[in-house]
Every structure is written in C-alpha cells, then in structure tokens.
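Chemist: These protein sequence lines are chains X and E, in that order.
With our numbering applied, the first sequence corresponds to residues 114 to 591, in that order.
With our numbering applied, the second sequence corresponds to residues 10 to 289, in that order.
No lab work stands behind these hints: they were computed from the structure.
Even glycine gets a Cβ: it sits at the ideal position worked out from N, Cα and C.
To spell it out: a stretch of chain E is covered by chain X in this simulated footprint if at least three of its residues, at any positions, have a beta carbon under 8 Å from a beta carbon of chain X; those stretches are:
(1) 85-95
(2) 113-125
(3) 128-135
(4) 141-152
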Amino acid sequence: MSSSIETLVNREYKFGFVTDIEADTIPPGLGEDTVRAIALKKREPEWLVDWRLKAYRRWVTMREPHWGNVRYDPIDYESQVYYSAPKTAKPIGSLDEVDPKLREAYDKLGIPLKEQQVLAGVAVDAVFDSVSVGTSYREQLGKLGIIFCSLGEAVREHPDLVRKYLGSVVPYSDNFYASLNSAVFSDGSFVYVPPGVHCPMELSTYFRINAANTGQFERTLIIADEGAYVSYLEGCTAPKRDTHQLHAAVVEIIALANATVKYSTVQNWYSGDEEGRGGIFNFVTKRGKCAGANSKISWTQVETGSAITWKYPSVILQGDNSVGEFYSVAVVNHHQQADTGTKMLHLGRNTRSTIVSKGISAGQGNNSYRGRVYVGPKAAGARNYTQCDSMLIGNRCGAHTFPYIEVANDTAQVEHEASTSKIGEDQIFYLQQRGISKENAVSMIVAGFCKDVFKELPMEFALEAQQLLGITLEGSVG
Amino acid sequence: MRPVIGGRLLVVGYWWLVVEQYQLGRDNVLDIRNLQARVAGNDILKGITLTVNAGEVHAVMGPNGSGKSTLAQVLAGNPVYEVTGGTVTFDGRDLLALQPEERAQAGVFMAFQYPVEIPGVSNAYFLRSAYNELRKARGQDEVDPLEFLDIMEKNLTLVDMDPAMLNRSVNAGFSGGEKKRNEILQMAVLRPRLAILDETDSGLDIDALRVVADGVNTLRRPDNAAIVVTHYQRLLNHIVPDFVHVLSAGRIVKSGGKELALELEEKGYDWLEAPAEALA
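So that you can see chain X by itself, here it is in the shape it has in the complex (with noise of 0.2 Å):
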C-alpha cells in the first residue's frame, strides 16, 4: 500500500524554479523605516502611512501566537525581507508590457497573462513577490463599474472605497499576523462590485513568491456591494528553497445586504522536503463580514502545501438571515503541519452556517481542525452545522479536533458531526479486484472522501486540485 500513497503525495512539487529577475529590494529587517520606506516605494497617502505605523507600533507589543498544534523554531523577524519586487514591473499600462520574463514564469506555472489566452471566463491578477504584475479583462470588467485591480492602484485611484473598508473586517490590531501584514503589506487584490451587479466571471489572483528570504504580505479586500454576486479564486506557489519563508496575507470580505461573495483558495505553496527543511509558514487572517441582510459568503479552500498552514477563514454574521459556508480539504505529508479551521460568529438573527472539514495525514504530517461557533444573544434562530472528517493513510500521522462551540441563545441550533477513518486495505482490494490500479483506487477513496468539498469549487479550479491530488475526479464528483 504504502508504494502507492507515496506516488500519490510525494510527487515532485513542480513549482519549484527560481525566475532570475532583477528585484527592488529594501533591506532586511523591520522598524519604522521599513515601514516608511514600502509606504514611499509605493508612493501612499499620509492616512495609509499612518495606519501603516498604528499597525506596526502594536505589532511590537504583540506576542507571537503559540495556541496552534504546530511546532516550528523561532522566526527571526529581523531576517525577513519585507519588500521585493520585479524592476520591470513599474506601473504598467496593459498587459502586453510585462516583463517577457514575468509572463514566463507565469507560462511556466500554466497561468498566461495574455489577455486572449486567458481561461474563457476568469480574469487574473498576478501577484509576483511583493507586486501586482497585471490583470486581465480589466476593461470588460469596467464597463459594469465593477474594479479589479491591485490594491496599491486602489489605494491611488479609489482611496474612498479602500480607506472606508480597509481594515473593517480585520482591524490592523486583530493578531500578531495580522498587524505585521498591516505594517508592511505589498500589494495584492481589490475588488468592487457594485449593487445589483452580478460578476460574469471568475476572479482570479495568482500569488508567486520569487526571491529569498523574502516574506509575502499580501493583502485583499473584495466588497459585494448591495445585491451584487462575485466569484474569487486565489492559487499560490513559491520556488522550492531550503530555508522557510514567511506568508502572512490577510483576505477581507465585506457583503453588503443580498450580496454573495464565493472565495476559493488552492494553495500550493512549497511545502518542504521529505525531511521538512525549508517550506512556506502560512500564516494568513482572512475574514468576511456579511453586514447586510440576506447576504452570503462561502469559503472553499484546498491546502496541499506550505510547511505550516494555520489559517481560519471565517465569516462574521452580522447581516440577518445571513449565510456563511466554510468547505475545506486540508492534506498533509511528510511533516507538514496544518492548523486549520473556521470562524462563523452569529449575531443577526436566523443567521446559518455549514462547515465540511476534511483532513488528510499521510507521512509524518499533523492535521488539526479548528472551529468555533459562536451564537450571540441576539441571533435568534441560528443555525449552524459542522461535518468534521479525518482520513489517515500510514501510522505516523496525525489528525486532531478543537471544535469550540459558544452558544448564547436557546433558539440556536447547533450541530457538529466527526469522524476519523483510516484507508481501508479492503477498499483498496475491493477496487484493485474489479481492474483498478492500486494507485487509482487510493485516488478514488481520497476523492469520495473529499467530494463534499470538491464539488464546490468552481470548474477550473476542480481540475487544478484534481491535478494537486493526483485524483481522476472525472463523474465522481459533482
């Protein structure tokens, strides 16, 4: 059996070249000057200056978080590079003036930038190091007032929309993570769509991280306007290098009243060798709030890489009657180590929430999920459910559970169900009797155990987790 898992999770992480580009690099280390200089390299207002600062003057009083199951040494902080980015990739006019060797990389990662090589149907930014390199069918997307772009462009040409949102979900003083992404955050996406418009397309960001030693803050902020709907997806990958870098992103949603937002994540950052040295630190804050009634967020995530991965998509369920899903399949190998979970914080009344958790441990790797319900005084008729497996492959593996459920109306409903399975060799055996490889009938098995989950991702998406998990997904899901 084991021959088979291994080909199945141990397939050379295909990510894992360096592009030799030129960067414009600050130096290592972070202070106030650091902070002062990402803000001038990117030329920011006072206000944003500030609130850099606020961020950071907290930041140093703050302790590095140490609640998760996970185990790493200490982060040197003074080590990290906090900005890197491409020379070419100054403000950029249209797509066809990236960098040749840019879009190269990206050709390389199957993500053209190439406006008419562009997935039909999903629009793309890049985000490459610390800069957004370009994003496609911009225009299309203007004519129906709906902005996608990086958020430094946001921050010049439509300061209104960000400083009235920025940091309202995630305030700069949130976590340890958080206010240091506050400090020093980069680039990453913004989004707006306004009311009544219904996104025709798939957002796409692609996050790459180039240079050594260099940590990637990105940062996003989508806002649905009243009854306008979006679908956003977010992919990552990194060079493969021996030491481990930093990713501290923050993700911001904002619903307002009838809109949905859709948030799909696959990430594949680099998750170290079989030894565990070098990998990403995945330490990332995203949040929605549905503010308005009757909106939606919905949360899927597929995290296959990264060394460490401790991130808890949540939704804060402001808005009455409104909705919040969180679908995640978390794998771990080797010794990878995932903290994963979710938030869905009740306030409005007849507010819902479903969770679909499922963890895969092979290797040596950890597996733990997370979760808190929260249901407020006030959030009459709450409902929440929460669906929590575990699949094991081996028997130096780990897969743990902390759900937290706080409930504070005897109106709520609250459901949580788990389970733990091992891969079963009769299954295995069941299926290699009617014809099916070894290799394919653990693809199988791994696939029916994560279809709740795959089938709400979105059709390009599917295939790049198929492609992650060496799974034939064809028919069976969906």
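Position chain E relative to chain X; hints supplied.
Modeler: Relative to the frame of chain X, chain E by itself:
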C-alpha cells in the same frame, strides 16, 4: 542469428501449447495444483487440487473454517493471505504471479461475501472505471459515460435494480440484498472468464437469492466458468452445479456431481470429516 532462434522458440512454444491443450482435452480455465496458503500464521489451505474447464460451474462447499472463503480470496489475490505452496494456472498464465488488478483484467471476478463501501464514489463512476480498465487491458478504447449508460440499462434489468442506485455511493447504505445484487451487476457488466462467488447467498432472503441466481444463470456461457462457494445447499437449487467439492480442514475430501450437495443437505458435513483426518 538472434531472430532465427527467437522464431524457433516461438514455434516450439506454439506446439507446446497445442499439445498441452490436447492433453487437457478441453478448454481449460483454471488449474489449481496442491495449493497451500496461510493467514496470520495459520495454515488454512493444505493442498487443494482442482481443474475448472469452460462451461462448468463448480460448487465448493464445506463447514465453517474449512477454507472455502480462503480459496476464493487467494484466487482473487487478497494480499492478506500468503501462498505457501502449489501452482494456479489461469488460461495458461501463472495466476499467482499477477497483481489483483491484473487478475481482474485477465478475467477473474470475485463477488464478495462482504462488499466494501466506498463513500463519495458513485456506483456508476466506479463501474465505468472498472469496465474501462478491463477494456484498456485488452487494447480496446474506453467508453464514455453516455455509451456506458446504454450498457448499464440492459444489465440493470437483469438484476432487477433501480437505475437510481447508480448515482449512490458504492455500497454505502445499501441493504444486504442490494449489496449482493450490486455484485452480480458488476459481474454482468465485466463479463468475467471465471466468476468466483464467495458465499453470495449468506444473509439473503429467498427473493434476493432468486434474483442473484437468475443473474448468474443468465450469464452462464460455454466459454466461461464459475466457482460457487457456499455453506448451504439451497443456493444450488437455483444455480445447478456440474461438480460439487467438499472442503474440510483445508483439503478437498470429496468431489462429485450435483447430487452430492443433496446428500450433504441430508447428512451434514460430519460424515466427511473423519476420513479427512484419516488421510492426513
């Protein structure tokens, strides 16, 4: 020079095959010689010899613990069992050298006593994958979902199964009878050269038993063969065997025609076990 030698070897090989075929006299499907196997350190099969030709149905009977299910599992290649001696030849190939999926692709099918549940994988997808694996192994093109639906329709009526079952996860939440019918459905779709039914009758009511037996009888052809492993004679009222073998303590202690099953029904297994001990 080389090609000439190769050519000669081929000719010799061909003649050997012809002679072998002639000696056996019939279209031989399975030839088991002195098969021994163990599980978890216990010897279960202690020397089984059995020949199955095309067009034949062999019933393997015996009390609990006699090794009849082990025989089925070993033929299918369950890695839990360790073969400690003997040979098994299937259509001229060394069966024991093949992986379980290669045996399936070569035409060996086992209907499981306890069909396994695969949550989240639809029955239709599973069946089509299996069907296509077998086609690929024979150098045939894979069929797409629509073509496969046509193939399924005919087979569903054979086992009296609701098409909705195809969209459910493999065996998940199926009743005992549904699971067994699903096994026969798979057998009907995969059309094996050799079908092994491992106590398919256990836990079935009489109606389900009849459906299963009808399925097996419909699939009987002059060019395939079946081994029906059962504890009770009642299945053999519906699937009439050409030969009956009685296993006791890992050996075949008696072989005969279909009337042997009736004799067993009447006398039980006890009268056969004593000579088995004497032989040992």
